[in-house]
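There are 2 protein chains.
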Amino acid sequence: MNVTQGLRRMLQVDPKGIATIDGDRRHTWAQLGDRVGRLAGALQNLGIKGGDRVAVLMLNSDRYLELYLGIAWAGAVIVPTNTRWSVIEIEDSLHDCRASMLVVDKAFAAMGVQLAKAIPSMTLVYADDDAGPAEAKNYEALIAAAKPIDDAMRKPEDLAGIFYTGGTTGRSKGVMLSHNNLVTNALHTLAEGLFPEGSIYLHAAPMFHLANGAAMFVQLLSGGRNVIIRSFTPEGVMDAVQAEKVNVGLIVPTMIQMLVDHPSFGSRDMSSLKRILYGASPITEALLERAMKKLPHVAFHQLYGMTETAPCATHLPWREHTGEGRAKGRHRGCGRAIIGVEVRIVDVDHKPVPPNTVGEVAIRGNNVMMGYWERPEETAKALIGGWMHTGDGGYMDDDGYFYLVDRIKDMIVTGGENVYSIEVENVLAQHPAVVQCAVVGIPHERWGEAVHAIIVRKPNVAVDPAEVIAFCKEKIAHYKCPRTVDVRDEPLPLSGAGKILKRELRKPFWEKEKKTA
Amino acid sequence: MNVTQGLRRMLQVDPKGIATIDGDRRHTWAQLGDRVGRLAGALQNLGIKGGDRVAVLMLNSDRYLELYLGIAWAGAVIVPTNTRWSVIEIEDSLHDCRASMLVVDKAFAAMGVQLAKAIPSMTLVYADDDAGPAEAKNYEALIAAAKPIDDAMRKPEDLAGIFYTGGTTGRSKGVMLSHNNLVTNALHTLAEGLFPEGSIYLHAAPMFHLANGAAMFVQLLSGGRNVIIRSFTPEGVMDAVQAEKVNVGLIVPTMIQMLVDHPSFGSRDMSSLKRILYGASPITEALLERAMKKLPHVAFHQLYGMTETAPCATHLPWREHTGEGRAKGRHRGCGRAIIGVEVRIVDVDHKPVPPNTVGEVAIRGNNVMMGYWERPEETAKALIGGWMHTGDGGYMDDDGYFYLVDRIKDMIVTGGENVYSIEVENVLAQHPAVVQCAVVGIPHERWGEAVHAIIVRKPNVAVDPAEVIAFCKEKIAHYKCPRTVDVRDEPLPLSGAGKILKRELRKPFWEKEKKTA
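In the order they appear, the protein sequences are chains H and V.
Be aware that the first sequence starts at 111, since it is given in our numbering, and climbs by one per residue.
Be aware that the second sequence starts at 111, since it is given in our numbering, and climbs by one per residue.
The set of hints was computed from the structure by calculation and includes no laboratory data.
Note that CB positions come from ideal geometry on N, CA and C, so glycine has one too.
Don't take every hint at face value.
[What the hints assert, rightly or not] For the chain V half of the interface with chain H, some residues (derived, Cβ under 10 Å), not all of them:
{"#": "1", "residue": "A301"}
{"#": "2", "residue": "I449"}
{"#": "3", "residue": "I552"}
{"#": "4", "residue": "H554"}
{"#": "5", "residue": "E614"}
Next up, chain H with everything else stripped away, as it sits in the complex (with noise of 0.2 Å):
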């Protein structure tokens, strides 16, 4: 089936009950439907085609799950665009999947009007609640204004979203998902019993990101309610989950501790949450016994993937976080393979190791993505006799756990965020002061890794690190910027094959970590 399959089922099966809700805005999913109906129209009229790529660069709205929705009503492909790259990144990616079409919101309006500059072809739609530049269509009049068409009828193998993850060459790479690994990830999530009937879920990650993606698609294809809210605040979950009764969210640890830590907390009523799922990073000691104790009505829950993966491939159950899951270390890894997904560590010729041996994580299940866009050879060196090789270093022990212990592609995860060395060290190689650099992920109490750079300088050169993260922030995203840089006028370790030995760079912080945990 298509991910338009639930909003068509349930304007049978519960047109006046609500689906979106948006502030003061409440949508039934009888409006949700005319309005995704009258959307996919104003596309069509607009000349978008089945299969044209729409970007979408908003922070989260109900608008924004409209247009997840519409442009599949449309036949065509979705492009969610990460909220936290520079506009240099993103005018790339709509260069790489040719997008005919680019909808922002008032946060985004002026970059929006700067890529509709850039790229003359692409038609630019401002989906706000005002009127919005006179450069852009106003969705709410395209809406108004077009007649709602028949759902297109994506079939299941056709694509319905490509969604970049930061590429290890500076570029980024399009995860191409077609409607049956959405729809297939969201029936693994439902089996394994995570969005039970009556579901209510806070929208509170970032709607570009899969990990969010995926719960939205659950609760599209289900009938559960959306609560959305612009973007993560602390405050802003507090008071969402008192107002709308919210019993399921998706966070990262970084905005667990945000939000148990913050000095408000206390001051509302979260008895209505029962479960939250996290990923990203295994939650620390520290922060789970702070979580269990300010949210003891709550199941915490972990899952593990990559957007690859469209995403999930396991899942660490809240009773692995307590007791005797506890007692064995299980909260430290991510769990099993959930319903419909296979896992296994293999080692460099791809074949698979025994338990307790670290080698690469693979994958394999209906939710494995279609390739990256336009990329054959970086596809078929992803997608190995069906597995996706997702460069995440792990083992498994004896009762089918894994472990997450290093990056194989050498991936910093901060914040939720992937960020690639090499893209950094790309970046600060072209800095003139800059002999030789390293880029590695430290730990960091709340990001999970923060990014460290290490460089050489020239000789007799001045460095002053704050000017090179400064450089870096000119270039790339800032979350993808040094937060520290180690200086150093000695050379680099490196292997025997002249490669940097990373793995010695990382070492200091990381060992005292593992004392400190």
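Dock chain V against the given chain H, drawing on the hints supplied.
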């Protein structure tokens, strides 16, 4: 994915957990995996190739479950055979699908030998506790001698099984279900929350039937436990529930009635039982009352569907059997479309009709069959625009609940079995004393519907109803034969087009039922 995916996953996730219980025999997932791998190896040694059809004619057993997996593991196609069919009907279906192998148990050993003689190209395998007939290979000996092979890894779109259903022309049709059909249906059922983690399912309904098969595929996908009894008996169910702490079962209303009305009911501990799924017909008021009183801790859920939809299409949850739902009469219908499936009512031109209008039930989803085996014309008639046209008449109310009112294709459902009137009429018409005949379903307390024949006799020829029934029993399965025969002299009422007005014939029986309901 394919139907063996869950086994592969369970071999990693819980190899020591109990997968099957059949009397005193318990197999872990690891043992099951070993036996399935060997069985597939044995099939390969016997010349079974990818796509070959392997028929199974057995009562319920753990070996039947192994065959479902092992045949798929070898890349072949299972043909579960109706144990209630006559030898002629079975031979017909084996010819139709050109079965390479037939597996029988003790109950069907003699019939197996007879069939193998009739079809010499077919290998006969005997799967039971003893040695079996000399004409058959012994299943346990084959497994002991074979080496386990790797999973053939059939693709989602590959044919997994051919499930024969009663044909409208006296010859049954083979419903082709893909791996994707079966896995998708299992995911839909899991998404509906009917098999939460820790489900212990009782195989009391026949394993050849897809109603039970669907529950089995759920358990195999999600790693639930399978408790197996040879066939349904009230005491067998009670013993198994008590001994193995069964918490979910699937039995038709006929069986529910036999269970709760059994004299020894109450002598066993049934407290583990949480959920009974039923289908084939709505539950009567009277039975619902008795069942609720006798099993107050059990939630009853109705599922409607057909083999062609793998099989689930609608779900009437427990809450609609009580309180407000019951006051609205929803327990007389079959519920709403399940997650992942769309259902609608269409007119003779296959166009949707408004709510509360009677038409044909049509079903769309990834669960809809590939088609009928080597019957392109019948496939084209059933699958129109992606919708399975069920032949069931019904309507949808304003709240999306479906109610069945008639069988468009003139089918009788008796004790969970489908009987096509025309097949029975074809036999009756061969009787020397019969001038004209019609077969209709009439209400029956135990079987839902009973087969009733109205015949017009040759003038001045004495006709004994019992002799007419005996005449039918020689030619077709006993459950298809009329239970009652009404002998008339006056011609049957005809429509303008000369068709027998069956509605007129049924009317007096069903009006009486309405009054008593």
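Checked hints:
{"no.": "1", "hint": "A301", "verdict": "holds, 4 Å"}
{"no.": "2", "hint": "I449", "verdict": "holds, 5 Å"}
{"no.": "3", "hint": "I552", "verdict": "violated, 33 Å"}
{"no.": "4", "hint": "H554", "verdict": "violated, 32 Å"}
{"no.": "5", "hint": "E614", "verdict": "violated, 34 Å"}
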